[in-house]
Amino acid sequence: MSGPATFFSAIGELSILTARTIREFLRPPWELRLWVAQLDQGGVQSWSITVLTAVFTGMVMASQFAIGLEPFGASLYTGKLVALGIVRELGPVLTALLVGGRVGAGFTAELGSMAVTEQIDAIRALGANPIRKLVVPRVVAMTIALPLLTILADIVGCLGGVLITMVEVGITFRFGMEQMIETVHVHDMLHGVGKSAFFGYFIAIISCWVGMGTRGGTEGVGQATTRTVVWTSITILVSDFFLTRIFLTLYG
Amino acid sequence: MSASSPPPGAPASPTSVVAEPEDVRRRHQGDPGEVIISFRDVHKAFGDKVVYEGLSLDIRRGETLTVIGGSGVGKSVCLKMLIGLLKPDRGEILAFGQDVTQMDEAQLLGVRKRIAMLFQGAALFDSMTVAENIKYPLREHGWGTEVEMDRRVEEVLETVDLPGVQQLKPSELSGGMKKRVGLARTIAVEPEVILYDEPTTGLDPVTIRRINGLILRLQQRLGVTSICVTHDMDTVFTVTDRLAMVYERHIAFTGTPEEAKHSDFRFLREFVKGGMGTLDEDLT
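Residue numbers (my numbering), protein chains in the order written: chain A, 123 to 374; chain B, 2 to 285.
None of the hints are false.
DSS-like mimics (lysine-lysine), calculated; alpha carbons at most 27 Å apart, straight line:
id	chain 1	residue 1	chain 2	residue 2
1	B	Lys88	A	Lys255
2	B	Lys262	B	Lys274
3	B	Lys50	B	Lys88
4	B	Lys179	A	Lys255
5	A	Lys255	B	Lys170
Worth flagging that the hints you see were computed from the coordinates, not collected in a lab.
Bear in mind the structure is a predicted one, so any value in this text is a computation, not a measurement.
Could you put the whole structure together from the sequences, leaning on the hints where they help?
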């Protein structure tokens, strides 16, 4: 198939998988044990990379703004810019890219290995539904976990920013925190956290779709994992633009 | 609905959980010789590769049918089409009188409860223990309480000569043990038909004999109908009632192993002899 045909075919298959996932999600009884396991794997186990990424991002932004704003006499606004930048944009996007790489690759590798060893066929043959057992828990987990990780990233990133602003600009910790709190409004949080819920869904649905369609043994699993990382990253960056426009229209 | 399994959602009675072989055998025996599975003019292709053009085959209750043929001719495909894992492009596949090609996933659950499959690599779930693997179909089919399922796990593991391995993970098992655990999982829900996809491939001769013995024992004790895809002539001559050969995208021969040995169909004759190490010189 040509490039555009492949693209539209992928969109179609992802839409069908989404519809089936929603249908299975709405059909009780819910497999809460599987959901919790995926929340642990995709969410809880991702807190360390989230914290590490966020704190350094906040510190780098503060360093740049403190020096960049100095010629204009606007260094005191460093905290405000860092807070808005992290909460509205860098928190959700960087967390999604990092967690997407880690968790998305893991989902694809696991489901891809199951596909090439006929375990997904076995699930169907044993009377179960692979979408219910494999896809729903991952989509639910990531759609819940990524907003929570983003909130964590926002908090830690702002703290990192305040620390560097204290050193570079000479403000107190209390001043820095108050400045950030008065700058960031609820709609700024909703903007960032709202986007991250979509990113979580994209990461899970793409990685599951690629994983379940894996062919060609262990080599195929490796290629599928690479594809997932590339496609989830591109999807996050491209959708970020459109989601930002939508949220700006909604909340300003 | 088969009489061999408890109704969905209903806890099985203790007697059905530890069913005596004779009970199971009696339940599986409808009208001996009755055709219960029928492939009718089935066509299947993967892209440009045509696998079947007019596959027709009947399977009778209680028999063990072995499907042989060269590598890549689509022997496993016919098993997967029978339980709806693959859809044929054309034709009918009747299982217990119903066309599985027209069923959706929900309707196929009923078929998969009665027809179970042992996959080539056993397809055990890596993340689960042996016990959890075997309980998987029991849970899906609403077998009963945890205690009843534990007893059933113990029972089927004893059937495949692997007692006490409940807590092991598949990664801790040898190839032959995996096949036997896979077989235990397959028979756990007391299917009426068992599909074996290359049950002895990649195993050592002693393990092959052990697996063949198990298949034979299940057939004799439980009276199940079996369809076995294999290259292994030991398996063919140990367990088979009737042989079917896939050749040039259709079933080119059906008959007993003895008839196959003396068939006019030279490829079949050599295939069977080749497996026994007696190929004609001009083919070696």
